[in-house]
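Q: Letter by letter, the chains look like this.
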Amino acid sequence: MSELLRVRGLTTQFPSEEGRVSVVDRLDLDMGTGEVLALVGESGCGKSMTALSLLRLVPKPGRIAAGEIRLGGADLLSLPVPEMRKVRGRDIAMIFQEPMTSLNAVATVGSQVIEAIRLHEKVSKARARDRVRELFGRVGIPDPDSRINAYPHQLSGGLKQRVMIAMSLAMRPKLLVADEPTTALDVTIQAQILGLLRELQKEIGMGILLITHDLGVVNELADRVAVMYAGRIVETASREAILARPAHPYTQGLLASIPVLSRHGERLKEIPGVVPSPADWPRGCRFSTRCPRVYAPCAEHEPAETLWGSGHRAWCHAVADEVGDD
Amino acid sequence: MEAWMISNAVVAGLAVAGLGAAVVVRRNRLWREAAHELVRRRPWALMVVAAYVLVALADSVYWEGGDLDGADRVSQHEAMSLLDRAFHGTAEASYSAPLADFEFYGERSLERPGGHLLGTDILGRDVLYLTLKGARVALLIGGVTSAIAIPLALFFGIAAGYFGGRIDDGVFFLISTLSAIPGLLLLIALIMVLGQSTLSVCLALAVTSWVGFCRIARGETFKLRELEFVQAARSLGVSEARIIVRHILPNLIHLVVITYVLMFSGLVLSEAVLSWLGIGIEGSWGQMIVQASDELSREPVVWWNLTAAGAALFGLILAVNFVGDAVRDVLDPRTLREDG
Numbered sequence: 000m001s002e003l004l005r006v007r008g009l010t011t012q013f014p015s016e017e018g019r020v021s022v023v024d025r026l027d028l029d030m031g032t033g034e035v036l037a038l039v040g041e042s043g044c045g046k047s048m049t050a051l052s053l054l055r056l057v058p059k060p061g062r063i064a065a066g067e068i069r070l071g072g073a074d075l076l077s078l079p080v081p082e083m084r085k086v087r088g089r090d091i092a093m094i095f096q097e098p099m100t101s102l103n104a105v106a107t108v109g110s111q112v113i114e115a116i117r118l119h120e121k122v123s124k125a126r127a128r129d130r131v132r133e134l135f136g137r138v139g140i141p142d143p144d145s146r147i148n149a150y151p152h153q154l155s156g157g158l159k160q161r162v163m164i165a166m167s168l169a170m171r172p173k174l175l176v177a178d179e180p181t182t183a184l185d186v187t188i189q190a191q192i193l194g195l196l197r198e199l200q201k202e203i204g205m206g207i208l209l210i211t212h213d214l215g216v217v218n219e220l221a222d223r224v225a226v227m228y229a230g231r232i233v234e235t236a237s238r239e240a241i242l243a244r245p246a247h248p249y250t251q252g253l254l255a256s257i258p259v260l261s262r263h264g265e266r267l268k269e270i271p272g273v274v275p276s277p278a279d280w281p282r283g284c285r286f287s288t289r290c291p292r293v294y295a296p297c298a299e300h301e302p303a304e305t306l307w308g309s310g311h312r313a314w315c316h317a318v319a320d321e322v323g324d325d
Numbered sequence: 000m001e002a003w004m005i006s007n008a009v010v011a012g013l014a015v016a017g018l019g020a021a022v023v024v025r026r027n028r029l030w031r032e033a034a035h036e037l038v039r040r041r042p043w044a045l046m047v048v049a050a051y052v053l054v055a056l057a058d059s060v061y062w063e064g065g066d067l068d069g070a071d072r073v074s075q076h077e078a079m080s081l082l083d084r085a086f087h088g089t090a091e092a093s094y095s096a097p098l099a100d101f102e103f104y105g106e107r108s109l110e111r112p113g114g115h116l117l118g119t120d121i122l123g124r125d126v127l128y129l130t131l132k133g134a135r136v137a138l139l140i141g142g143v144t145s146a147i148a149i150p151l152a153l154f155f156g157i158a159a160g161y162f163g164g165r166i167d168d169g170v171f172f173l174i175s176t177l178s179a180i181p182g183l184l185l186l187i188a189l190i191m192v193l194g195q196s197t198l199s200v201c202l203a204l205a206v207t208s209w210v211g212f213c214r215i216a217r218g219e220t221f222k223l224r225e226l227e228f229v230q231a232a233r234s235l236g237v238s239e240a241r242i243i244v245r246h247i248l249p250n251l252i253h254l255v256v257i258t259y260v261l262m263f264s265g266l267v268l269s270e271a272v273l274s275w276l277g278i279g280i281e282g283s284w285g286q287m288i289v290q291a292s293d294e295l296s297r298e299p300v301v302w303w304n305l306t307a308a309g310a311a312l313f314g315l316i317l318a319v320n321f322v323g324d325a326v327r328d329v330l331d332p333r334t335l336r337e338d339g
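Taken in order, these protein sequences are the chains called D and V. Reading the first sequence from the start, the letters are residues 0 to 325 in numbering that gives the first Met the number 0. Reading the second sequence from the start, the letters are residues 0 to 339 in numbering that gives the first Met the number 0.
Hints were generated in silico from the structure; no laboratory data involved. Since this is a predicted model, take the numbers as computed values, not measurements. Even for Gly, the Cβ is constructed at its ideal location relative to N, Cα and C. Certain hints may be false.
Listed next, the stretches of chain D that the computed footprint assigns to chain V, with coverage defined by at least 3 CB atoms under 8 Å from CB atoms of chain V [as the list claims (entries may be wrong)]: (1) 78-87; (2) 97-105.
Which residues of chain D face chain V? A few of them, derived with a C-beta cut under 8 Å, are [stated by the list, open to error]: (3) LEU54; (4) ALA92; (5) MET93; (6) LEU118; (7) HIS119; (8) MET166.
With the hints as extra help, turn the sequences into a complete structure.
A: The structure is reproduced here in structure tokens:
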């Protein structure tokens, strides 16, 4: 599998009263061509900021302070703005969480997808319209000929998300960033959209960076998983490995907090507390304030990378000790 | 070029613009439905507004010469509007003539309604004629002023709301400064500087009235900018300028239409206030009211010219407000009807 995306030391900062605060901190990420990587974590851990950083769309006053983002060899952070604009939509596309507001309410959905195509390719309106019709059929929008002239408020949430998918895939990007693509949808529609994404991913051969807090979605779609906590990756492994043998206490906590029907009547396990805000991330291991296995070095030093299995790495003192003891 | 030729050109321009707008509204389903709904809800108010517009247009189409019964040499060579010609009776304006010509300081000044449908004023001019003449002035004030104020407000509002930062600070400083100056004082000062003409009154009114809509446009743009569809457009590589034109502006259009209609009646009323202060526009209802007020102390009371001007003003503003109310209901996205 050849390399598609390579992120090194990505740091995204926002100014605050206590000075600059990194919401994404020295993040490393690798993706192969056609790989589906799930970025998992609680709300506020920096997943979405990572996604926006990849497109260089961090909202002001935030900015990318350091790092390197390489997409198929090109260094995105050093591209001039007009060049970066061409990369967006053509090489990287993004789907957003909220299909209700991610389409312009006063333009027909067809015209919006046509705009997406004609931005990157010199084709006539009629030709682009034909392409949109095809695309709509491909993403499972029934009756594409009339839906092309529909306004967003005339479509259901699921259909809108399909339009969004059609729009982002119009140029067959190499990388699709999907920020919680199914969170706002019904469970049945979720399954359909995930199935569609998997089909299209195989067909186009693109990589998907799937951002989610839903481990069910991870299980449906992901090849590999990176668990994120407080702006850092804490564990990364293949989907099977991480679901079967999670190393990091945080990952274990996430998996334990999934409700299971067979344990009916038991109290749901949870990780106590919330993700600390970027301004008061603890020194040492950032999970140390909530970790059940915390001990002396956790509060002092940042944990180093530990190899837990083949391709399975974790950043945790306890895990490092366990591996060292074996 | 003489003033009356410009007036004709404006009428032609308006006709073309009106036709263009009609075509756009017909083509776009959303607008067409809104127009139908508007007609359904307020047929009478729309007709009243249309009547005012027709009168104003009749008073805006000028030409020279023509066959005028008994007209003297001067008026033969003066450009007269359709409305002027309709009221141009015989030179011998008499008690029995239903529609009389000017008769300066004639014996028949301040005549009670009768031969002249609405009587005459102190100068012996027909009140009905003067009242109809006022429609053009009123529509000019409302139309021209909002045509200056709204683009101004949109430009600054969108720039401030979209780009934020320094630009926002600058625009907000401007807005705050302008709204800190008492409106009437600023109006008087501006008209003093610009000189007293229709255009300068409109300009002055525009300068004092764009601030409110600018705030609204800024706030709305600020909100739209953060919505995901703008983010989505950016993530597809759409440029900032294109986002503003294609995604921000169309989402503000309903506000523009609503503001235009509601601003209109306020502006017509402000002109009446300006007339009271002696800096209004020649021939407006405001001026008629001011002149009529002098006659109120007479015995028996001269009520007809005040009533005519007041009723004309009242009728227009009431109708425009009714239409404006319906426009807001029809165009507000929150009341957009789902179909199918």
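Q: Hint by hint, note whether the structure agrees.
A: Here is what the structure says about each hint:
1. 78-87: Since 4 is at least three, the answer is holds.
2. 97-105: Per the Cβ count (7), the hint holds.
3. LEU54: Holds, about 6 Å.
4. ALA92: holds, 7 Å
5. MET93: Cβ of MET93 (chain D) sits 4 Å from chain V, so the hint holds.
6. LEU118: holds, 6 Å
7. HIS119: holds, 7 Å
8. MET166: Since chain V brings a Cβ to about 7 Å from MET166 (chain D), closer than 8 Å, the hint holds.
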